[in-house]
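Participant: Single-letter residue listing:
Number of protein chains: 2
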Amino acid sequence: MSDDEIKNILVSLKNIKGIHGSAIIEKFGDISGSALPGWVDPEGVSAMVALILKASQRATKELDQGEFLNAIIENEKGKLLFSSIGDKIIVVVTTTDAKLGIVNLKLQAAREKLIK
Amino acid sequence: MSDDEIKNILVSLKNIKGIHGSAIIEKFGDISGSALPGWVDPEGVSAMVALILKASQRATKELDQGEFLNAIIENEKGKLLFSSIGDKIIVVVTTTDAKLGIVNLKLQAAREKLIK
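Protein sequence lines correspond, in order, to chains Y and B.
Going by the working numbering, the letters in the first sequence line up with residues 1 to 116, in that order.
Going by the working numbering, the letters in the second sequence line up with residues 117 to 232, in that order.
So that you can see chain Y by itself, here it is in the shape it has in the complex (with noise of 0.2 Å):
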């Protein structure tokens, strides 16, 4: 797939209500591509899906919980979606009002499409 779809798969997620912007990150952080807007800085995006990732992988030796998948975090003004494609991470980052619902729909077809 390439950089130019990539983004195209970003820009139709961003242009979701409630939704501010997404990137997709290798596991090993750097970032595959993205479409956030101008104040969030891709670089803390990265390093918030590496902590993630880290807190998935105790889990997984600790717990015996298997391979990460998926992870939301909700703050008080906003939400964070981590979700596996192969051995990449997409994020979106929503307002609290995104539904989560139409989110993970759109999501689903996106990792659909990315994964091919």
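Check each hint, because a few of them may be wrong.
Label pairs and their computed distance ranges (CB to CB) [stated by the list, open to error]:
1. Y:GLN108 with B:ILE218: 18 to 26 Å
2. B:VAL127 with Y:ASP97: 32 to 40 Å
3. B:LYS229 with Y:GLY101: 39 to 47 Å
4. B:ILE231 with Y:LYS113: 40 to 48 Å
5. B:ASP119 with Y:ASN15: 14 to 22 Å
Residues from chain Y that face chain B, not an exhaustive set, calculated with beta carbons under 7 Å [said to hold, decoys possible]:
6. GLN65
7. GLU74
8. ASN75
9. THR95
10. ASP97
It should be emphasised that the hints constitute simulated quantities derived from the structure, not laboratory data.
Just so it is clear, CB atoms sit at the ideal spot from N, CA and C, and this is done for glycine as well.
Following the hints, position chain B against chain Y.
Facilitator: For chain B alone, coordinates are given in the frame of chain Y:
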């Protein structure tokens, strides 16, 4: 709230189908109480809370998302639920077949008791 009362709440959560156990962790890492199976190291659970809180703090700082409320990490063979209760975090370790709706209701009831 006494240590015994905390323990009772954690034990009642543990009795729900699909829940391995739970623990209450202070934001600075101390374990206030736990009802975890013998094969789970409470220190490891505390370390996972620290990682989730770090990720949330970055989201607060860089994305202006405010205070941490809840998080879920979904792995292949289990889930981790984290929920803020005052200045503590309750963590619930579940199997994949735990029904999140039921767990969340019980968690809400436990939170209400714990906040008192």
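Participant: All hints are to be evaluated individually against the structure, with a verdict given for each.
Facilitator: Here is how each hint holds up against the structure:
| no. | hint | verdict |
| --- | --- | --- |
| 1 | Y:GLN108 with B:ILE218: 18 to 26 Å | 24 Å, holds |
| 2 | B:VAL127 with Y:ASP97: 32 to 40 Å | 37 Å, holds |
| 3 | B:LYS229 with Y:GLY101: 39 to 47 Å | 30 Å, violated |
| 4 | B:ILE231 with Y:LYS113: 40 to 48 Å | 44 Å, holds |
| 5 | B:ASP119 with Y:ASN15: 14 to 22 Å | 51 Å, violated |
| 6 | GLN65 | 4 Å, holds |
| 7 | GLU74 | 4 Å, holds |
| 8 | ASN75 | 4 Å, holds |
| 9 | THR95 | 9 Å, violated |
| 10 | ASP97 | 13 Å, violated |
Of the hints listed earlier, those the structure fails to meet are numbers 3, 5, 9 and 10, in rising order.
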